[in-house]
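The working numbering numbers the first residue of the sequence shown as 1 and each following residue consecutively.
Simulated from the structure, these hints should not be mistaken for laboratory data.
One thing to keep in mind: the hints can contain errors.
Pairwise CB distance ranges (calculated) [stated by the list, open to error]:
hint	residue 1	residue 2	range
1	218	463	45 to 55 angstroms
2	425	386	25 to 35 angstroms
3	359	440	51 to 61 angstroms
4	440	69	37 to 47 angstroms
5	388	463	20 to 30 angstroms
6	69	356	17 to 27 angstroms
7	76	326	43 to 53 angstroms
8	359	218	49 to 59 angstroms
9	297	324	38 to 48 angstroms
These numbers were taken from a predicted model, which means no experiment stands behind them.
All C-beta atoms in this analysis are idealised placements derived from N, C-alpha and C, irrespective of residue type, glycine included.
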Amino acid sequence: MRRIPLRLAVAFTFGIGLAGVLPAQQNPGQSRRQTSGDDWSISEYSGSRSVQDVRVAMASKGFAWLSGSPADNEKLSIGKNAQFFGFVALRLESGRAANRGALGRAFFDLATSDQREILTEAVRRETPLLEAWWESRARLLRLYENHLYMGEELDRDRLEAAGIEFSRLGVSVAVIEAKAFARLEDSLSEAQLEKLHAWREDPEKTKSLAAEIRVEATGFDRRENKQLEDLFAKAFSWLTGTPEDNEIIPLGQPAQFFGFVSIRHKSGHAASRGRISKSFQAILSHRQRSEIKRAARDQESVVRHFLKQRHLLLGQLALLRYAAEDFDEARVRELAAEMGRAETEAGRIEAEAYRRIRNSMTDEQVEAMMRLRGDYIVDPSEVELLTDRERGARLAVLCAGCHGPAGQYQKGMLAPNLDGMFDRPIASAADFEFSHSLIELREERGPDWSDELLEHYIANPKGLVPGTKMEFQGLLNAKDRAVLIDHLRRTR
Numbered sequence: 001m002r003r004i005p006l007r008l009a010v011a012f013t014f015g016i017g018l019a020g021v022l023p024a025q026q027n028p029g030q031s032r033r034q035t036s037g038d039d040w041s042i043s044e045y046s047g048s049r050s051v052q053d054v055r056v057a058m059a060s061k062g063f064a065w066l067s068g069s070p071a072d073n074e075k076l077s078i079g080k081n082a083q084f085f086g087f088v089a090l091r092l093e094s095g096r097a098a099n100r101g102a103l104g105r106a107f108f109d110l111a112t113s114d115q116r117e118i119l120t121e122a123v124r125r126e127t128p129l130l131e132a133w134w135e136s137r138a139r140l141l142r143l144y145e146n147h148l149y150m151g152e153e154l155d156r157d158r159l160e161a162a163g164i165e166f167s168r169l170g171v172s173v174a175v176i177e178a179k180a181f182a183r184l185e186d187s188l189s190e191a192q193l194e195k196l197h198a199w200r201e202d203p204e205k206t207k208s209l210a211a212e213i214r215v216e217a218t219g220f221d222r223r224e225n226k227q228l229e230d231l232f233a234k235a236f237s238w239l240t241g242t243p244e245d246n247e248i249i250p251l252g253q254p255a256q257f258f259g260f261v262s263i264r265h266k267s268g269h270a271a272s273r274g275r276i277s278k279s280f281q282a283i284l285s286h287r288q289r290s291e292i293k294r295a296a297r298d299q300e301s302v303v304r305h306f307l308k309q310r311h312l313l314l315g316q317l318a319l320l321r322y323a324a325e326d327f328d329e330a331r332v333r334e335l336a337a338e339m340g341r342a343e344t345e346a347g348r349i350e351a352e353a354y355r356r357i358r359n360s361m362t363d364e365q366v367e368a369m370m371r372l373r374g375d376y377i378v379d380p381s382e383v384e385l386l387t388d389r390e391r392g393a394r395l396a397v398l399c400a401g402c403h404g405p406a407g408q409y410q411k412g413m414l415a416p417n418l419d420g421m422f423d424r425p426i427a428s429a430a431d432f433e434f435s436h437s438l439i440e441l442r443e444e445r446g447p448d449w450s451d452e453l454l455e456h457y458i459a460n461p462k463g464l465v466p467g468t469k470m471e472f473q474g475l476l477n478a479k480d481r482a483v484l485i486d487h488l489r490r491t492r
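Turn these sequences into a full structure, and let the hints guide you.
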């Protein structure tokens, strides 16, 4: 095993990772990338856990759960099953330039056949555990959903047992991955390590490199190949990062059972947790908002306990890199159980608060809530019934989530101002740092957005500009693209 670097030894000795546990302290991710109060990273991925942050998370999850369906709660992004390896911090630090798929493919391409086999074998070993993990999560979802929809009381003993199983399965997956990553690290050459750290400094470099790379292993289906790609991305963030990076998790965790990820996906990643929280709470009465505040207070000690146990678990995983003989599997099982108890208790507090809110909502409030959901999710069947102009305006909702409505842009939004976009060069809006890839598009294709170029971009942003920071997945329907561009030309 490699000898632990001094900076990592200091981090473990003095517990730097616990910075994310105490709300009053600075979050660890800010040490390398200072952020303003309006920055996207503060509202979602900074690792901050103040009471106000918890309220924002609760309100957005409550909105997602009360306005959605059980199918929405099933949705999770890839990598969420074992989120212990610092990728969220990498996204924060890079200003969203780090792309999981591109980094995974680039690392896969850099690896030798023997190194690829290390992670391929890890995928084989963890696949049955992942299947059991998803089944365990589904059982938890049913307990919470039966409380919301059918009024069944939440049985704490059943929740705790289900939570312990859920957490232990997830941690077992993490241990398999950490062992594989440690073996991979031991096999890396100095040239490979130098390349990985160069990518860490500028993750955008991997996007053009990875454009034509396919991660494939003999005998693997599409899902398994995607998991292999994800393992290379996790290995990258873990092996090039620091212990404090691994502490950072999205604001929606723990208790990611309530469907907000589905809103993110259905909105083409345009949904803002902070804005949804503010809009939803504006619909609620003072008494209903007080339910969220009370739940946030009740949950604070539970979240602290969860983060503390997670911190200790991260220390155990790190031992697999630097002192494998000190790794304590029994201790890891204890920590996983404690995390499971805390996560499901946090979920119980939220679910009971959401049900009380739902039971007290008027018909007018429910209608307003569903209209708000419609502001973030475009229903294709509804869009088909609109005139072209109405259709363009409806689809523009997907842009407004990040860019702001026409004439209402505010500094610090997730994406650049679209007002005047056709009267200035591509990638030139003030107060926004554009990706190198979009600047290169301007240099290669000309300074201005033509309808043809914009249509291509809206159809598949990452296909045209692999390094773009835009998370929107693209509009597949050609007519949708045409009416949206027409709307943008008329209103921007």
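List in ascending order the numbers of the hints, as given earlier, that are violated by the structure.
-> When the structure is compared with the hints, numbers 1, 7 turn out to be violated.
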